[in-house]
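K.L.:
Line by line, the protein sequences are chains A, B, C, D and E.
Under the numbering used here, the first residue of the first sequence carries the number 1, and numbering increases by one thereafter.
Under the numbering used here, the first residue of the second sequence carries the number 1, and numbering increases by one thereafter.
Under the numbering used here, the first residue of the third sequence carries the number 1, and numbering increases by one thereafter.
Under the numbering used here, the first residue of the fourth sequence carries the number 1, and numbering increases by one thereafter.
Under the numbering used here, the first residue of the fifth sequence carries the number 1, and numbering increases by one thereafter.
Among these hints, one or two may not hold up.
[Unchecked claim] Anything over 12 Å on all C-beta distances counts as not near chain D; from chain B, calculated:
no. : residue
1   : HIS119
2   : LEU140
3   : TYR200
4   : ALA298
5   : GLU299
[Stated by the list, open to error] Cut-off 20 Å, straight-line C-alpha distance, at most; resulting in silico cross-link-like pairs (SDA-like, lysine to any residue):
no. : chain 1 : residue 1 : chain 2 : residue 2
6   : C       : LYS390    : A       : PHE470
7   : A       : LYS521    : B       : VAL308
8   : B       : LYS65     : B       : ASN303
9   : A       : LYS499    : A       : TYR532
10  : C       : LYS390    : C       : ALA150
11  : C       : LYS336    : E       : LEU260
12  : E       : LYS90     : C       : ALA354
[Stated by the list, open to error] Calculated from the model, a selection of chain B residues having no Cβ within reach of chain D, i.e. all distances over 12 Å:
no. : residue
13  : VAL9
14  : ALA33
15  : HIS109
16  : ASP301
What the hints contain is simulated information worked out from the structure, not anything from laboratory work.
A virtual CB, placed ideally from N, CA and C, is assigned to each residue, including glycine.
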Amino acid sequence: MSEEVPPPESLTFERKHKSWRQMLEPVTEKDFKHGYYHFWALKKHIEPLDIPFAREIDPMQRDWELPPNWKEIFLQNFEDTLRKNRAFKVFMDICVRCGACADKCHYYLGTGDPKNMPVARAEIIRSIYRRYFTKAGRIFGELAGARDLTEDVIKEMYYYFYQCSLCRRCSNFCPYGIDTADIVWWGRRLLNSIGVTHRFSHISIEASARTGNHLGLYPLGIAEALESVAEDVYDVTGVVVDVPVNKKGAEILFVAPSADYFATPHWFACMSYLMLFHEIGLDYTWSTYASEGGNFGTFQAYELAQKLNHKVYEEAKHLGVKWIIGGECGHMWRDKHQFMDTMSGPADFLEDPVSPITGTYFENAADTKMVHICEFVADLIRHNKIKLDKSRNDHWKVTFHDSCNPSRGVGLLEEPRFVIKSCCNYFYEMPEHTIRDKTYCCGSGGGLLTEEIMELRMRGGMPRAMAAKFVHEKYGVNMMANICAIDKAAFPALMEYWKLPVEICGIDELLGNALIMKGEKERETDLRGTPYRRED
Amino acid sequence: MINPFLEIVVPYAAFAIFIVGVLYRFVSWANSAVPLKIPTTSGQAGTLPFIKRSFYDRIDSPYNKWEVALRMLAEVFLFRSLFKNTRYYQSRHEHRDTRWLWGFAILFHWSFLIVLIRHLRFFIEPVPEPFIYVTELIALKIWVPTIYITGITSLIGLGYLFLRRLFSGNERTISLPSDYLALILLISVVVTGLVMRYIYKIPLAPVKELALSLIVFQPVAVDVHWLFILHLTLVSITIAYFPFSKMMHAGGVLFSPTRNMPNDNRKRRHVNPLNPPYHGITREEYNEMYKDQLEEIAERDYNFRPEV
Amino acid sequence: MAELYFEKIKGDSKGYYALIIFLSLVTAWGFYGFWVMFTQGHETTGMTNQVIWGIPIVNVVYLIGASAGSLIVSALSGVFGKEEYKVFSRMAALMAALMIMGALLDIFLDLGKIEHGLNTTLYFNTTSIFSWNAFLYTSYFIISVIYLIAMFERKDKLVKGLAFLAVGWAVLVHSGTGGIIGFIYSMELWHSPLTAPLFIISAIASGIGLFIPTLVLTFKFTNKPLDENLIKSLAKIMGAMIIVLLYMFCVEIFTRGYVPANLEMLRMQLFDLNTPFPVAFWVLQITIGMLIPLAMLIFPPTFRSVTWISIAGLLHATGVWFERYILVLPGLAYPKEVFPPGYVMEHTPPFEYAAVYVPAWPEIALNIGTFALIFLLFIIGLKVFELLPKTELLEEVSE
Amino acid sequence: MYSTKWVILLIIAFLGICFSPLIYNVSAPGFELEMPELDEPEGDHCIEDADWMEPNHMDLLLEMRTQTIRDPGGRFYESKTYPGEVYEGTTYQCFECHTSKTDFCDTCHEYNGVSPYCWHCHNTPEVLEEYNR
Amino acid sequence: MISRRRFLIIAGSATGAVLLGSSQLEKALASARSESSDPSKPLWGMIVDVDQCTECMNQLVAETGNPDPKPECALACDRENNVPEFREKKWDPQWFKMLKVRSNLEGSEYLWVPLLCNHCRHAPCAQVCPTKATFVREDGIIMIDYHRCIGCRYCMIACPYNARNFNFKEPLDGLTEINPETDRRGHGVVEKCHFCVHRVDRAVKEGVNPTPACVEACQKEAEKRGFEKSALIFGNINDPNSEIGKIIRTSKAKQLRPSLGTEPKVYYVNL
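Start from the sequences and build out the full structure, keeping to the hints where you can.
P.N.:
Written out as structure tokens, the structure is:
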């Protein structure tokens, strides 16, 4: 990776200021930069997903082999989208180009490319809207900011819609609440309709549609992966924990992103789920059919999102559980919070989410019946149902990275902080404008967690890295907690690239470290094997 | 100068276009479905009782419709989101609050609103005494040849909005001719108004007579000054342009799903009227596909215990 | 020195909101007082055709002084190179801007025809010190605001330049304000070349005096560690200024008193117990306002404690308010000697010896409301702007 | 149409605001489209051309007032429309022809929603009548 | 240590300020010296014969039994200029005050001395007015532009003669009769005697000698009481042949508070 991406010292962030006419000229494959554009989707991935016109090309080639009537299809779908989505239609109409969103986008800050301003990103498609769906655009053309739909425009859309991580930071600052992420999301769906799409997320969507998880693991593979997580738990704590899988009649279904039992540092968070559930004696089960909380469909299209999140409810019905707990994941929680109930609900076959340990009724999840692990844990801690030894995390000076989706899509800000403060002695916030609702993206969300755009990811992660650098230099922070699987995957590379000795963890890992279990041996290392210093 | 066309036909046409256009816009927006409840949550959501939510959290992440109403009011009248604006200093990788845009935007919008309200004196008869008193008070009447501050401040606000489009690099890049057009129209309306008020004074009684006759639909072509006809024509152009331009953001903000919906997604289900049916592998198909493996899991009694 | 970062306060505690509400109510009361004055005329005040300026003007003079004091604290780092004072610079600059704003507001709301008030900007009378002051005050306010913005934007060189400019301007503003009193040759008790320097000295002293308790309380309520040595050296500056002040009072009174014609008016100001002036002068200004604070600064046990220093500062700030009172009012209360020496005028009211002036409630409301407004905006400012130094690092070290 | 209830509410509010002047005018007692006739002044003509006076009288008053106060000879204003005719620069000069403030000044000012405050200090026939009975 | 460069900057700006200030001063001095004494350019002034006033007032006191009566001249002023009268003396605006003065020696007799605006040549009020609402007219009358006055009351403080009054309340409340020819004032502005400027202007236009209301009343009163001459004389100081011009040129007339250098145009004889 590193040999492809220029080192951080050599990056420049010069902002180019084009004229409005230049902005209307599409960026085509001639200007595509290596490290910025995505690989093309493979037939085998998108054909099972009913995405039409599957073909395998190189985006750098001149001819994109668009279907002959692509324009009609695109405009037809455009009109359909306007009818189906009020947000999209309103956002097409009401932008005043005040520029409040411009320097809110981490990709704009990282690349200086004016088309990466959220407003300009939306203008890419808005110019088409004006040309074909408004009178002013039809009559005045370029003067009204309208332009014809050409193959070049499609190329530009492909290039820039896949340079957005759907983090919604711009939406937070827009005086009209224009959500560029929403525009890009529906824009990607439009591109899908003419077979223009990228490779990365479709691999996972296809796998998840088939096997239930993004990694394409088969049921036994999942169970055995979880078993080895339990082995690691034994190694550290000396406690043998059970891992219920597909257990019918359990009270609670637990859904986590599949990376949790596959990748590090997700793994350590998974260990502490097992430890926690064992410790409080929760009657729960993992599932192999709904083995994935994450939903890469939410990066692509409504239908694909629905395809993936439907399984959670179907599995809950099948296993006859009462309600559901979801693990740490960012876009998963946007999906579970804002999408799943609408797309696949209602979940009236489940019971009210009441914590069997504390008796707390999770009123805010009354209809979806799905509770975030942080809410669940915060409730346990609040009622003193688990014993915690904060000093076991003393070797970590922790900061918390609000992942975009839980903060701007769910509003989950205080619970994670409550959990961290209960588990750690040293907790420091990053600068005010980079946390909570103003949090920065890791630079790799929204389907961008792919190797070929490493430079874009490193540049886009720059603001977050700088915030981390600030607390690292000021307080000696060496651990960045978060509640997002993509963050956990993206940050180690980002921190390495920006030369920050900051480790990444899920906040449940901190919980697992601090959790005092019945019958545990004296721990010599924390969950990730870092030995505790002996004071001899 | 009597000109029935400019005095009667143009204003009526413009007003009709304005009303019909705005209603058309409202209805066309309303004709689109709202597939998802997607509020931007800029604060702590409603959650467990011991998690404190401050007043700002209630505005920024509303949990019920009252809090949504509060959020919309703050958004419409105080430009709440714009108030949170920050600036990124690339050289130091540092953020600061920046409220210039907010300040001048709010200066313009409020001043202009007050100017509009004060214009009511031309459209109503008899003008109630308290109305004059109150509007003069809020319009900040000062000096002995009276000057209403709001007229001046709305021009200052517009001037700032215009100049930033010219001189700020980001702004120049994203500004379209239509952005300038809207500003130029408003500026010319304000300038002609100010000229008539302070520099080249024109008889008022015919103006009021014309305005009244228009508003009660008994149009009379009155002999008014050409400056006023210019003002009236510019206003007509502006309001006729209104529904088809970005100025429609005034109504659009009310339709913005990221702001006008409560963040109670998991508490109350949002129904998508056009929700497509599920296409994909059902649990039964899945059972078929991975029969062997699932059976093995069943054999282990659905419980995996590490061997130690 | 490592770069200093500043932060806002969270400001969502109950106490904060209670304070906001309390100060807003007081401000509203002050505004009501103004409204009564505005709609019913100055008959609602205690002023007369003889004592034509009352405590609102005393307040104006006081606030301008305090503003300069604050600004000088703020500029200590920029102008005098005392980097350690940078922690206060933003707060102090905001305080300075707010106080000059309060002064402008007071002077404006005390006008008889407020709706004509902006005429001062249209017509400029070069021979009028008041006209110059209208220009100086507004420009001073603008300079301190720009200075503040420059600090927010971290334009260090600009900040330094502006600090020089602002301090220079503060001296000008004070000389100007001194001129308002000192230039008036129709009244012996006002006409004095010493007024301008005396003004600057007491401005520094009272500005620091008022700023110390504000600072100590702000740091206390925001749980920030405060370097006591900084407060102590500020207090030392204040002490030195008090000594200079006492000296200048002596010079002024003796110079005046040497003229036989002035003896009677000095007797009224200093010894006539039928007037409020001797008490205001000897007890409130000299003893409580100067001598006791000075003693507290000299006496080691009290000098060691920041609380006592704050009290000393507060006492001195109060004392200087009465100094302004003595500066403005006795001159007005002593009738002008219109006829040649040797004549006695049978004084008809209100042109009489020791003319009575008892402030009425609208004036008092206006005064108190102004202070409430200043502190209201100050605590709102703490929430909105990055004013307070980030000091967790210090905590870390002390652990 | 979706969320019909809210949209209809919005449309009603919008139309209500747009047509509020009409609604007020229709419902207000004493609505008159044209300005009521002004009191016929005595004398042949105004200081300057009457048509010019209508929009510009305040400027003339302002100019006359400045001259009257500031110029030793400025109290007397020579008409530009009618050369040779000299008028004294007091507001009371106006009332020699326009014998009523209520029927002349106020009629027009009220119609146009203007409230000058000359009469807080300057005398009007009405005040004189009240005080000099 | 102050650097050389900084020193130069400071020194430069200080010199500039001094130069600017001195040129202003010179201009002011020049204007003070070049006072015109062209008879055709009138400079209005007044002479008060204190003996006559005392005589008249003593008679008036004897007639009315009121120790502090308001003489005809003051009443005429009130009527002419719509000066209100209020019961609370501290707010009562008096343009023309009749004051009781005596020598400070035991047993001296009282004099009655009228005090009105002294119309100084170098008027402190005009000097300090921040808006030039108070100014010295070419013919020497100190005028107040009430439309411009902001009510700051600094002029009252600067006036050495207590000649100015502030409108603490609405004058209409204290009026019983209104002279249509002059304005009233609103509350919140400062007012004072202006030598009945409307009479002066009219007289100048007609080419006759102006008489302010008080002077006219004084003449009538003198006639009534059978005095040889009236106590108040108004006229053009620049004209050596006018009555006032002659008296002033006898050098017997005194100004009040001459040490201030305000040079009033109201002169007192027999004071």
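K.L.:
For ALA298 (chain B), is the shortest beta carbon distance to chain D beyond 12 Å?
P.N.:
Answer for ALA298 (chain B): holds, closest chain D Cβ roughly 47 Å.
K.L.:
For LYS65 (chain B) and ASN303 (chain B), compute the direct alpha-carbon distance and say whether it is at most 20 Å.
P.N.:
With Cα atoms ~45 Å apart, LYS65 (chain B) and ASN303 (chain B) exceed 20 Å; violated.
K.L.:
Mind verifying the non-interface call on HIS109 (chain B)? Its CB should be farther than 12 Å from each CB in chain D.
P.N.:
16 Å, holds
K.L.:
If we take the beta carbon of LEU140 (chain B), is the closest beta carbon in chain D still more than 12 Å away?
P.N.:
15 Å, holds
K.L.:
Decide, holds or violated, for the assertion that all CB atoms of chain D are farther than 12 Å from the CB of VAL9 (chain B).
P.N.:
Consistent with the label, VAL9 (chain B) stays out of reach of chain D, its closest Cβ about 19 Å off (over 12 Å).
K.L.:
Does ALA354 (chain C) lie within 20 Å of LYS90 (chain E) when you go C-alpha to C-alpha?
P.N.:
Holds: LYS90 (chain E) and ALA354 (chain C) sit about 13 Å apart, inside 20 Å.
K.L.:
For a C-alpha distance cap of 20 Å, please report whether LYS499 (chain A) and TYR532 (chain A) respect it.
P.N.:
25 Å, violated
K.L.:
Is the claim that ALA33 (chain B) lies outside the interface with chain D correct, judged by CB distances over 12 Å?
P.N.:
It is violated; ALA33 (chain B) is separated from chain D by about 5 Å at its closest Cβ, not greater than 12 Å.
K.L.:
At 12 Å, judged by beta carbons, does HIS119 (chain B) keep clear of chain D as stated?
P.N.:
10 Å, violated
K.L.:
For ASP301 (chain B), which was marked as not at the interface, is the minimum beta-carbon distance to chain D over 12 Å?
P.N.:
50 Å, holds
K.L.:
For a C-alpha distance cap of 20 Å, please report whether LYS521 (chain A) and VAL308 (chain B) respect it.
P.N.:
15 Å, holds
K.L.:
Holds or violated: is the Cβ of GLU299 (chain B) farther than 12 Å from all Cβ atoms of chain D?
P.N.:
52 Å, holds
Against the hints set out earlier in the document, violations occur for numbers 1, 3, 8, 9 and 14.
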